[in-house]
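Undergrad: The listed protein sequences correspond, in order, to chains A and B. Position 157 (the first sequence) corresponds to 156 in numbering that gives the first Met the number 0; numbering is contiguous. Position 201 (the second sequence) corresponds to 200 in numbering that gives the first Met the number 0; numbering is contiguous.
Treat the hints with care, since some could be wrong.
What the hints assert, rightly or not - List time: in silico DSS-like cross-link candidates among lysine-lysine, alpha-carbon distance up to 25 Å:
id, chain 1, residue 1, chain 2, residue 2
1, A, Lys-58, A, Lys-5
2, A, Lys-195, A, Lys-128
3, A, Lys-127, B, Lys-3
4, A, Lys-105, A, Lys-128
5, A, Lys-106, A, Lys-128
6, A, Lys-68, B, Lys-111
7, A, Lys-106, A, Lys-68
8, A, Lys-127, A, Lys-106
9, B, Lys-111, A, Lys-147
Said to hold, decoys possible - A short list of chain A residues far from chain B (calculated; beta carbon distances all over 12 Å):
id, residue
10, Ser-47
11, Asn-60
12, Leu-135
13, Lys-185
14, Gly-231
The hints are simulated quantities; they were obtained by calculation from the structure and are not laboratory data. Just so it is clear, CB atoms sit at the ideal spot from N, CA and C, and this is done for glycine as well.
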Amino acid sequence: MLTLDKARVEFGGLTAVNDLNMEISKGQIHSLIGPNGAGKTTVFNTISRFVNLTSGNIKFNNENILNYKPNEVIRLGITRSFQNTELFANMTVMDNLLVGLHPLTKKNIFSTMLHLPSVRRIEQENRKKTIETLELLQIRHLEDEVVKNLPFGYQKMVDIGRAMMVNPELLLLDEPVAGMNNVETKQISELLLRLKHDFGFTIFLIEHDMSMVMEISDFVTVVNFGKKISEGVPAMVRNDPAVIEAYLGGEDVSHA
Amino acid sequence: MQLKSQKLKYIFNSVVLLFIIVYPFLMNMSGYWMTLLVMMTIYGITAVALNIMIGYGGQISIGHAGFLMIGSYSVAIIADRFELPFVITLLLAGIITAFVGLIISFSAVRLKGHFLAVVTLGFGISVPVIALNWTSLTNGYSGMLVTRPAILSELSLYYFIVGCTVLFLWFMYNILHSSFGRAFISIRESEIAAQSSGINTTFYKTLMFVISSFFTGMAGGLYAYWIGFVGPTDFPVTISFLLLAMIVVGGMHSFYGPIFGAVLFSIIPHFTDEFMGITNIVIGLILVIIILFRPEGLVTIVDWFKMNKTMEKADTISKERGS
Chain A
0 MLTLDKARVE FGGLTAVNDL NMEISKGQIH SLIGPNGAGK TTVFNTISRF
50 VNLTSGNIKF NNENILNYKP NEVIRLGITR SFQNTELFAN MTVMDNLLVG
100 LHPLTKKNIF STMLHLPSVR RIEQENRKKT IETLELLQIR HLEDEVVKNL
150 PFGYQKMVDI GRAMMVNPEL LLLDEPVAGM NNVETKQISE LLLRLKHDFG
200 FTIFLIEHDM SMVMEISDFV TVVNFGKKIS EGVPAMVRND PAVIEAYLGG
250 EDVSHA
Chain B
0 MQLKSQKLKY IFNSVVLLFI IVYPFLMNMS GYWMTLLVMM TIYGITAVAL
50 NIMIGYGGQI SIGHAGFLMI GSYSVAIIAD RFELPFVITL LLAGIITAFV
100 GLIISFSAVR LKGHFLAVVT LGFGISVPVI ALNWTSLTNG YSGMLVTRPA
150 ILSELSLYYF IVGCTVLFLW FMYNILHSSF GRAFISIRES EIAAQSSGIN
200 TTFYKTLMFV ISSFFTGMAG GLYAYWIGFV GPTDFPVTIS FLLLAMIVVG
250 GMHSFYGPIF GAVLFSIIPH FTDEFMGITN IVIGLILVII ILFRPEGLVT
300 IVDWFKMNKT MEKADTISKE RGS
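Bound-form chain B, shown alone (with noise of 0.2 Å):
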């Protein structure tokens, strides 16, 4: 049964990761359509990250929209600077983002629940106003232009942060199903018990932090080498809003469920920004709808099918042995 599941898992992973591989030529090359792509896994990336802390920590942060943007100006700030390849610069931007992640941890692993969530909502709402107000290193309003590697085509970028993508996937993958993940979770469900089991709580919180701020730092500088631009209204807080989002509407006790939430949550705008003003609804009524009735997010769908099957199974076999 597990083999068969696990097999199961491996054929979809490869039709998905087939269809992202192709893509590009099924839709004819198209900026915009790739952009869509691109945005889904840059979420993607950011939501599963996010989900270390909230889904598997227990730890709530409203302020992950704030790591992006350092992330994204890093890159930014290294690019127009310093002649770095760009993988360099890609890793030095997580390791940025993953040292403001260190600091913040200083203050929130003593802060618990809605505390935490100010302390964490604080940062995201100022990441834009020193982006907007520093501007002899950020250029302020204006923004700043991010070069794209003259190695790399648009097609080739692509498939690097396609890449990176599954490969960041992996290693924050590998990590929630090891004994670190374990760790993690116990915080969660019980901090005293954790302690008991020899687990220090305050250093497991501080590598929550840092490992949730790395990747999602090196998000956001693939977003600004697709992108080639960072401005200060790029990443809101909002953006942070609509990232706890997506873990809640996925499913946050799972590593696929921000992943769902985030192909999702990109896509809506692509049908409902032609009317002013519906995407925060939709998003808004999905939450709700998901919260009433499936609160434990999508990807327990998979979960309600694999049970419909499991239990025809068992009717079939007591009718076959009635009969």
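Extracted from the complex, chain A is given alone in its bound form (with noise of 0.2 Å):
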């Protein structure tokens, strides 16, 4: 679904990204995991267009997503969360959430100018469907308020649930649990499970939350560096000395 051929980031002297392989496959929860500085956000960056390639290509579908801007991706089936949440925190989470709606939207200005009844159908149909998400990101009760006012925890939900708005085919999501205590961090690995059995979405994850990784993960791709060091299924990387060697220097992944 999502190909990586030798994708190379610099920055200067660094190389953020060292010619990276991989290969994400359709319907899977496919994890990238590394310690801090690894690159990790880099190849989000490359895939979501913020960040253009040094070197190398990304397909998506067979089609070559270098040729696309950052706002072009989402219409290719691609959306995103942020590592740290870039929200439009001075909008109501129902805004957020129908912003995420955007590409979806027919928009004419002159309707819009005169409300014109297709507009408020339209306009009633997508709050609809906000609502249904808000609903099963379990924050229904929160959709009047403004999201700079929300616990961080909630505001990871409503950046997901922005990203999770098109339907996407891929769902790029950096670091979702991060700040969150464990009841909100099984309430997301579920949320994830039932978004890739009942929704069929694939999903792209980088997390630090090991235990969350090894158990929802269908194939994980450690890197270091920029460069991969292993991949797999959670079980294999869990015991690959590489990684036990340059994540945690020695210690079994699944206690970290």
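Hey, can you piece these two chains together into the complex? The hints should help.
TA: Now the structure itself:
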């Protein structure tokens, strides 16, 4: 589904992503792990086109992603959340999610100006869809809250919710449970599994919570200094000496 | 609760509209008082249009008086050279101004913050200079007379301007409370998140410029028809700063805020003009006080009243439960 072919990103003298080859298969939860500064978020930024590749290629469903701008990637069926939540802080939860529907919303400035019935109908349909997503995320009660007033855990939920709005084929989630407690982490894990099983989402996940990664992932890729050092099913990666050495300095991954 | 607030808003709007309708008769058809209200409507349209860019889109502009001037001169020139129906003339003024806005936006959308401010300021300064020096088109320092449409008396022109104001504000309200408005706000809040949500930020910034300049141009056109004259000193760059002050004082994150600001700053000169030079001092003082004590603008006073009412209600309920 998504293929990174010798993807390389250099920032001046620093190589953030070093000739990375990867393949993400449809319908899987694929996790990308590695120590801080390993280049994981840069990989996300290249897929979502915020960072250009120095060399190499990225293809999604045989389409060259590099031909697209950041705002066009969503039309391919790829959406993302951000490590440090990038939300519309002064907008309500409802409006944040409605922005997520932007690419699917038919717009005409003249009918909008005249507030024609077609505009009202589309707005109602969008709100209905947003409410369904809020219910799925179990944050319906927050729909009118301004996002900046919410605790961090809920903000993360809104970030994920916005990325879910267009029913993407591939959902990129950058540390979705960072800063969350155990209950919230469990909730997100269940949500991701549900998105995979019930809605057929493919999820590409960056996460530091190893127990969560090992529990829900179908496939794990490990990077260090921008280079792939291991990949495979969680059980295999967990016991890979290279991973234990590079990532944890000798400890068992599952206890991290 | 929401229904009640909508009902209150509806009643408030109706009372204001009724007042504006009977206003000429209350003021004995005085040209001075009617002009005062017309200027409120013109500044009201312009301030809301400017706020599309600043308050909603986060794109600074301190040259909007330039668009007002282009709109007013467009009406003067078209009315002088072509015998077109005045509504068409007005619409053309809006389109011409929007076209200029489009040209400015090509460079402006690539700039942010103070760089954008400088470009728009330069535009605001240039327009009066061009109007002064392009004498073959604008008649230079002498300005241009604008003939009032023959079918309109002073009173019917007044109602026409009020009608246009209501219509233009309604158009802008609809735009800002739709997916377009959400796209504008999302750009203000986080361009990265907006882009990853599929919003073409360059396109929407351009659209903000075009919409804003279109309605400002129409407001300039209404001004030309009402005053009956346009000159190169009508909209100096200080008017751009005044428009900015209207938005800040009224409340830039609200649709109604700039209208409050426009009304307030249109009334102030009425009380201060007899004291030489004091108008700007008063406006400056109000601006400082608002920034210090109510940076979200006067419109938030309504929220403050609402909050107090809710707290009073909560107190009453807890007392009742206690007893």
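Undergrad: Compare the structure with each hint and give your call.
TA: To see whether the hints hold, each was checked on the structure:
1. Under the criterion of a C-alpha separation no larger than 25 Å, the hint pairing A/Lys-58 with A/Lys-5 is consistent with the structure, at around 11 Å.
2. Between A/Lys-195 and A/Lys-128, the direct Cα distance comes to roughly 19 Å. Compliance with the 25 Å bound is thereby established for this hinted pair.
3. With a C-alpha separation of about 23 Å, the suggested pairing of A/Lys-127 with B/Lys-3 holds against the 25 Å cut-off.
4. For the proposed pair A/Lys-105 and A/Lys-128, the alpha carbon gap of about 15 Å is at most 25 Å, so the pair holds.
5. Between A/Lys-106 and A/Lys-128 the CA atoms are separated by roughly 17 Å; this keeps the pair inside 25 Å, and the hint holds.
6. Taken as a hint, the A/Lys-68 and B/Lys-111 pair is honoured in the structure, with Cα atoms around 20 Å apart against an allowance of 25 Å.
7. Restraint check for A/Lys-106 and A/Lys-68: the C-alpha separation of about 21 Å stays at or below 25 Å, so the hint holds.
8. About 18 Å separates the Cα atoms of A/Lys-127 and A/Lys-106, which keeps this hinted pair within 25 Å; it holds.
9. A hinted pair counts as satisfied when its Cα atoms are at most 25 Å apart, and B/Lys-111 with A/Lys-147 qualifies at roughly 24 Å.
10. For A/Ser-47, the shortest C-beta to C-beta distance to chain B comes to about 6 Å, within the 12 Å cut-off, and the non-interface label is violated.
11. No Cβ of chain B comes within 12 Å of the Cβ of A/Asn-60; the nearest lies about 18 Å off, and the non-interface call holds.
12. With a least CB separation of 18 Å from chain B, A/Leu-135 remains clear of the 12 Å interface cut-off, as annotated.
13. Separation of A/Lys-185 from chain B is adequate, the least Cβ-Cβ distance of about 27 Å exceeding the 12 Å criterion.
14. At the 12 Å boundary, the C-beta of A/Gly-231 stays outside the reach of chain B, the nearest C-beta of that chain being 30 Å off.
Hint 10 alone, counting from the list given before, is not met by this structure.
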